Each structure stands twice: as structure tokens, then as C-alpha cells.
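A.B. asks: Residue numbers for the sequence shown follow the working numbering, beginning at 53 and rising by one.
Watch out, some of these pointers could steer you wrong.
Keeping only pairs whose Cα atoms sit at most 27 Å apart, straight-line, the calculated DSSO-like set for lysine-lysine is [stated by the list, open to error]:
#  : residue 1 : residue 2
1  : K119      : K62
2  : K62       : K84
3  : K100      : K69
4  : K111      : K69
5  : K100      : K83
6  : K69       : K84
7  : K100      : K84
8  : K112      : K100
9  : K72       : K111
10 : K62       : K72
11 : K84       : K112
12 : K119      : K72
Calculated directly from the structure, the hints in this document are not laboratory data.
As the structure is a computational prediction, the values presented were derived from the model and not from experiment.
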Amino acid sequence: MIRRFVVTEKALRLAEKENKITVIVDRAATKKQIADEIRRLYGVEVEKVNTLITPEGEKKAYVKLTKEHNAMDLLSRLGVL
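Modelling step: build the complete structure from the supplied sequences, incorporating the hints.
C.D. replies: Okay, here's the thing in C-alpha cells:
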């Protein structure tokens, strides 16, 4: 379901300032499925999920974590940074 993390300047800025992680997901995935998968795989609570389809046809999800969890800590723990 989750294909990869997006590591761009914008994605890192969102992680720092808005506590959001940015991921590319399967096109058929729903917001609820994305939130459940993030909870199950990484043990963090999800506050909100926003999705969009990129011009390349990929589905991108912006996942806002709750205040108890830090997006930058999660990304560094997973070795994305």
C-alpha cells in the first residue's frame, strides 16, 4: 500500500513545521486504509490524511501526526533522512 516516502524540500518543511509525513501510496488506497497502515507499521497516531493524484498519475498522501508523535523523529528512525 505504501510505496515510498517523499523526501523533498517541501516534504521536509512540512515534517518540521506541520508534523506531516508525505508518502506515495497505491492509487486504490483510501484515506482510512492509509491511516490504518501508518498506525500499524510505524506505531504512531494519525490525526488527518489528505490525498492527491500527481500529474505523473501517482497518489500522494499528506499524513498529519498527532502532537504526541514527531514526524521528523519518525523519518530519522526509519532511516529516510
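A.B. asks: Determine for every hint whether it applies to the structure shown.
C.D. replies: Results for each hint:
1. Between K119 and K62 the alpha-carbon distance is near 20 Å, which keeps this suggested pair within the 27 Å criterion.
2. The suggested pairing of K62 with K84 holds, with an alpha-carbon distance near 24 Å, which does not exceed 27 Å.
3. With a CA separation close to 15 Å, the supplied pair K100 and K69 stays within the 27 Å bound.
4. Of the pairs offered as hints, the one joining K111 and K69 holds, with about 23 Å between alpha carbons and a cut-off of 27 Å not exceeded.
5. At roughly 9 Å between alpha-carbon atoms, K100 and K83 fall within 27 Å of each other, so this suggested pair holds.
6. Of the supplied pair hints, the one linking K69 and K84 holds, its CA atoms being roughly 24 Å apart against a limit of 27 Å.
7. Between K100 and K84, the direct Cα distance comes to roughly 9 Å. Compliance with the 27 Å bound is thereby established for this hinted pair.
8. Annotation: proposed proximity of K112 to K100 holds, straight-line Cα distance about 14 Å (limit 27 Å).
9. Taking the CA atoms of K72 and K111, the gap is near 16 Å; set against the 27 Å cutoff, the hint holds.
10. With a C-alpha separation of about 11 Å, the suggested pairing of K62 with K72 holds against the 27 Å cut-off.
11. Between the alpha carbons of K84 and K112 the distance comes to roughly 14 Å, so the proposed pair stays at or under 27 Å and holds.
12. For the proposed pair K119 and K72, the alpha carbon gap of about 11 Å is at most 27 Å, so the pair holds.
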